[in-house]
Amino acid sequence: MRHRGLDRDGIAPYLFLAPLLVLLAAFILYPVIMNLIASFTEWKGYGAMKWTGLSNYRAMVSDQAFWTSISNTAILVCYIPLSTIITVFVAALLREGIRGWQAYRAILYIPNLLGPVIIGVVFSIYLRDDGSLNLLIKWAGGSTVRFLSSPSIAINSIGLVQVVWVHLGFGLIYFLAAMNGIDQSIYEAALIDGAGYFQTLWRVTVPSIRFAIEFWVVFSFIEVFARMFSYIYTLTRGGPGYGTFTLEYGIFVQGFEKFRVGYSSAWSAVLFIFCAVISVMQIRLMRRRNS
Amino acid sequence: MIRRSILCLILVAACASFGFANGTSEASSQGPVTLTVWDFKYIPTDSLKPMQEIDALFQQKNPGVTINHVAQPGEPQYYQIIQAAATANQGPDVAMFHPGAREYGFGDILVDLTPYIQDVKNQFTAASIAMVSMDGKVGAPIKVLPMTMQGFGIYYNKDYFKKAGLDPEQAPKTAAQFLAACEKLKAAGIVPIAVGQTYTIDFLLRTLVANAFGPNVAGLKDGSVKYTDPLFRESVEFIKTLVDKGYLEKDGFTRPYFMDGINNFAAGNGGMFVGLLSDVGNWKAFSDKLGANNVGYFPTINFPDSKYTDQQVAQGAGIGYGVMKWSKNQKLAAAYAKFYTTGEGARIYAGATGAMSPNTAVTGFEANYPALKTIQQYLKGSLALDYLPMFYNGYEDDANRLCDQMFITGQLTTDQFITEYQKLITK
Amino acid sequence: MKKASSINVGTRLIVQLFLLVLVIGSLLPLYNVIAASLKSVDEFVANPFFPPRSPISGNFVYAALSSHLLRYAVNSLILVPIGLVLYLAVCVSAGYAFGKMRFRLKRPLFLLVLFLTIFPQLLLAIQVFKLISLLHLTSTGLGVILTWVAYFSPFGTYIMTTYFTDMPYELVEAARIDGASPLRILVQVMTPLAMPMIATVAIIGFQSMWNELPFSLLILQNPAARTLTLGIAMMRGEYGLAVPTLSAALVIAMAVPLVMFLIFQRRITLGATAGAIKG
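Chains as they are written, first to last, in numbering that gives the first Met the number 0: chain H, 0 to 290; chain P, 0 to 426; chain S, 0 to 278.
Hints listed in this document are in silico derivations from the structure and should not be mistaken for laboratory results.
Think of the CB as a built atom: it goes at the ideal place given N, C-alpha and C, for glycine as much as any other residue.
Possibly wrong hints are sitting among the right ones.
Unchecked claim - Here are the in silico distance ranges between beta carbons for each label pair:
hint: 1; chain 1: H; residue 1: Ile185; chain 2: S; residue 2: Arg11; range: 52 to 60 Å
hint: 2; chain 1: H; residue 1: Pro80; chain 2: S; residue 2: Gly9; range: 54 to 62 Å
hint: 3; chain 1: H; residue 1: Val279; chain 2: P; residue 2: Val137; range: 53 to 61 Å
hint: 4; chain 1: H; residue 1: Arg288; chain 2: S; residue 2: Gly57; range: 33 to 41 Å
hint: 5; chain 1: S; residue 1: Glu169; chain 2: H; residue 2: Arg288; range: 15 to 23 Å
hint: 6; chain 1: H; residue 1: Leu134; chain 2: P; residue 2: Asp118; range: 55 to 63 Å
hint: 7; chain 1: H; residue 1: Leu14; chain 2: P; residue 2: Leu47; range: 19 to 27 Å
hint: 8; chain 1: H; residue 1: Cys77; chain 2: P; residue 2: Met133; range: 26 to 34 Å
hint: 9; chain 1: S; residue 1: Ser65; chain 2: H; residue 2: Trp66; range: 52 to 60 Å
hint: 10; chain 1: H; residue 1: Lys49; chain 2: P; residue 2: Asp111; range: 20 to 28 Å
hint: 11; chain 1: P; residue 1: Asp111; chain 2: S; residue 2: Arg106; range: 54 to 62 Å
hint: 12; chain 1: P; residue 1: Thr44; chain 2: H; residue 2: Arg286; range: 50 to 58 Å
Isolated chain H, as found in the complex (with noise of 0.2 Å):
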C-alpha cells in the first residue's frame, strides 16, 4: 500500500511507535491530565475527590513555603552557568594532550555513575557538622561550615555538590565527544597566529560546539527543575527550616508526607508550567539545529 507525499511508508511507522505511545499515553499523559484535574480537588490520594475550585491555588499563593521553593529553585538555575564553564574549561584541558586524560574523564565520571540516591546519602554524612569535611576544616584552622545546617549554605551546597560536581563527569563525556568533531587545522592555524589557550578556547572551541553548550543548558535546566529530588531528599530533606525545599521537593511532602495531593497537584501545575517552557526552549533549539 503506497501512499504518495507525506505517508509513503504507510502505517509501518505508525506500528513501530505503538509501543512507545500506549506507554506514553498511559503513564505520562495521562497522569499529566489526571494531576491537572486533581489540582481542582482536595483529595487523599485514594478515595473521593471532592472539588474544590480555586482554592488550592489561593492557598498555594499565600504559603511562604511555596515562594521560598520557588527562589531555591531559581538559585540551584544559577548554578547552571558555572556547572557550564566549569565542565567546557575542564574538558578543553583534557584535550590538551595531558597523558592519562582517558583515565582522568573515567574516574571524574564516578560520581554521576553511582546516582543520586547514593551521593546524597554519602554527602549527608560527609558534609555534616561533625563529619569529615568538617573535621578538614578545623584542622587546617577553620572553623565549622554548615553545609547542611545553614538555609543559605544548604541550598549551595546542593548546587555544588549536585548542578557542578556531579554533572562535571557526564559533561566530561558529552563535550569531549563533541569537541572531537571539530576540525583540527583551525587549531592549527590558530597556533601559527600566536594564540594563546584561552584565546583558542574562547575564539575557536566554544563557537564550534555552539550547539552542544546550547543543549547542555537545556539538559541543566531539565535536571535542575525535575531531578533533584532524590537527591534532595537523602541530603537533606529539604531543610535546615525550608532551606532546600524546593518546588519539585514540595509537591512531594504535600502529596506524600501529607497525603494532600489535591494541594500537591497545584504546586505540579506551576512546575508544569515551568517544564512546558524549558520543552518548548528545547524544540526551538532542535529546530534551528537542524535547519
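With chain H's structure known, arrange chains P and S on it following the hints.
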C-alpha cells in the same frame, strides 16, 4: 534470524518479569492461613528479636497460621507505602501505626477493633484508649490497639555530673539550676546537652509546653489555649538561650537523632540528652550502656512563674497495630494485634525493648532500672498529655522546620516563630 | 585525536596538578565511606576521619545479610537488564520511525514525545501507581519495568531520532530498493549501523533505571522485590542506622555500578566518541 531471536528475547523477558516476586499477601480461606504484618520496627537495631519471639509464640498457640512479618522502612516512607496500599485497596492484614493524626488520616481503611477488646479494655490506661479512638474522642471507634506509650524527658550522666562538681542525685529541675548545671558541665569540658537533629529541640519544647499548660494542653486544639501565652514565650526564649550560650551542641544538629545521636550520648559524649520514654533512645538503652545506676532522669524544666511543675509529657499511645479493611482474616488479625498488646506478648515486648506499655497489667521491670522507677513516679504523679500527635498529618515536619528556622538558623524572631507556630494548628 | 596544543610543558604540570586535585576531591568522600564501613560504632565516634585502627567486617555482614542488600542487588541485576532490553527495543524502533520514515503525523507526534520527556516522576507517581494496581502488577517485576520503560523512553527515543536523522539516506534507499520490509530494514540494517549510539543510549538507560527511586518505592512494596537503590534510600529513614553500618551498605551498593563501569568502561567512551554525539 536476528529478528526472531530479538522477539524471543523480548517475550522471555516479559514472562520472566511477570513471574518475578509476584503479589503481596494472599490468604487462602481453606487450610493454612498466612497473616501479613507490616512493621517499621522489625529490624535488628529495633524490635526484631522480641517480635520474632512473640510471633513464634502466636503461631504455637494458633496452629496452621503463619505470620509473614514484613520490615518496612520508617516514617515517612512507611506511610507512603500505606497510602499506596490504600490506593490499590490491597496490602497487609495488620499494620503498625502511630495513633493520633496518622491513624485518623487512614481511618477509612482500618477496622473498628472495639468489639474485639471488650474483655481487656480496662487493662489499658484511659489516656491510651482515648488516643487510639478516632479523632481522640472517647467512645469513637478504636482503630488501633496500643502497644506502647510514649513521652519525653531529660536523661543525664551521673558520672559527668560528679566530674563537673554537681550533685548526681540532684536533678537540675529549675531554670536557674539547669543553666548553672550547663555552665558547670561546659567548664569541665563536657558537652552540656548532646544533640541529634531538630528532634532534641522538638522534644524539649514539648516537655516545656506540657509544663506551661499542664492538663490544659488539650485546649491548644480548640483554641482555648494559645501559644501566645507568656509561658510559651518564656519556653522559646529559654531554648534560644541554651543555643546561644552553646549549651546545646551546635554541631549535633546535622547528626541523625535516631541511632547516631542516641549512640553519641550512650558513648558518653554529653552530660544530658533529651530522650524518649519508649521505643529507642530510652531509659533502657542508656542504662544498659552507661550503667543502670549512672543514669538520672527528670521530666522537664520548671520556670519560676510556672503554674505547674514537673509535668511529665506523655502520649497515651506511641505505636500500635491496626487491622486493614481488606483483610480476609480480620478476626485472626485482631487476635494478633491483641496478642501483642496484652498478656504474654506485651510482656515480652516491654521487657526486651524498654518500651512502656499502656497496659497496666504489664509491669515489674523497675527492679533493675532506677531511671525507670523515677519515670514511673512522674507518670503517676504529674502526667500531661502531648497533643502534637493529634494535629494533622505531617504536623511534626512543619513544626520541626519552624524550629530549624527559629533556633538553628536564626531566621525567625521569637514573635514570628510564635505566630507561625500558632498558625500551624489551624492548617 | 590529539589536537595541536597551545600550552607549554610548564603549564602542563600545573594542569596535571589541578586535575589531580579534582580527582582527589572527587574520591575523598568515597574514601571516607570505605573507611567508616570498616569501623565499629565506638571507633567511629572516636576516630571519624583516619583509616580504621582495628578494622572489622561486622558491618558488611550486617549490611549484606540482615539488611538484605545482597538480595536487593540481585533484584536490581535481574530487573534492570530486562528493562533495558525492552527500553532499547522501544527507543530504537521509535527512533528509526521518527528519524527515517515518512508519515504525516511525524512532526506532531515527535513534538509530543519531546514534550513528555521532562516531567518529574513525582508529578506522575500517584496516577502511575493507580494504573499499576489496576493492572494487578504491584510488587511485580513487570509492573516496575513497564513504568521504567514508559518513563525513560522519551529521552532515549529523542537521542536515537537525532542519530537516525543524521544517518545518510542512501543506506535506507538501497535496502528499500532491494524490496526489504520495514522491519527487516530496521533489524538487519539500521540496528547494526547504530550500534555506537545504541551503546550510549543503553548506558544512559541503565543508569536511569538502576538509580530510579519514586516509582520503585511505591510499586515494589514486597521487600523481597526491592531494588538496591531502594534499599539504600530506605536506610535513611527515621530509625536510621549508625554511620558505619550505613557506610558498609553504601560500599556494597557502590560496588555494583563500579564493577560494571570498569567492565564496560571502554564501551562507554567508545560509544560517546564515535562521533555520534552532536549537539
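Do the hints match the structure? See the list:
no. : hint                              : in the structure
1   : Ile185(H) / Arg11(S): 52 to 60 Å  : violated, 21 Å
2   : Pro80(H) / Gly9(S): 54 to 62 Å    : violated, 30 Å
3   : Val279(H) / Val137(P): 53 to 61 Å : holds, 58 Å
4   : Arg288(H) / Gly57(S): 33 to 41 Å  : violated, 56 Å
5   : Glu169(S) / Arg288(H): 15 to 23 Å : holds, 22 Å
6   : Leu134(H) / Asp118(P): 55 to 63 Å : holds, 59 Å
7   : Leu14(H) / Leu47(P): 19 to 27 Å   : violated, 53 Å
8   : Cys77(H) / Met133(P): 26 to 34 Å  : violated, 49 Å
9   : Ser65(S) / Trp66(H): 52 to 60 Å   : violated, 44 Å
10  : Lys49(H) / Asp111(P): 20 to 28 Å  : holds, 24 Å
11  : Asp111(P) / Arg106(S): 54 to 62 Å : holds, 58 Å
12  : Thr44(P) / Arg286(H): 50 to 58 Å  : holds, 56 Å
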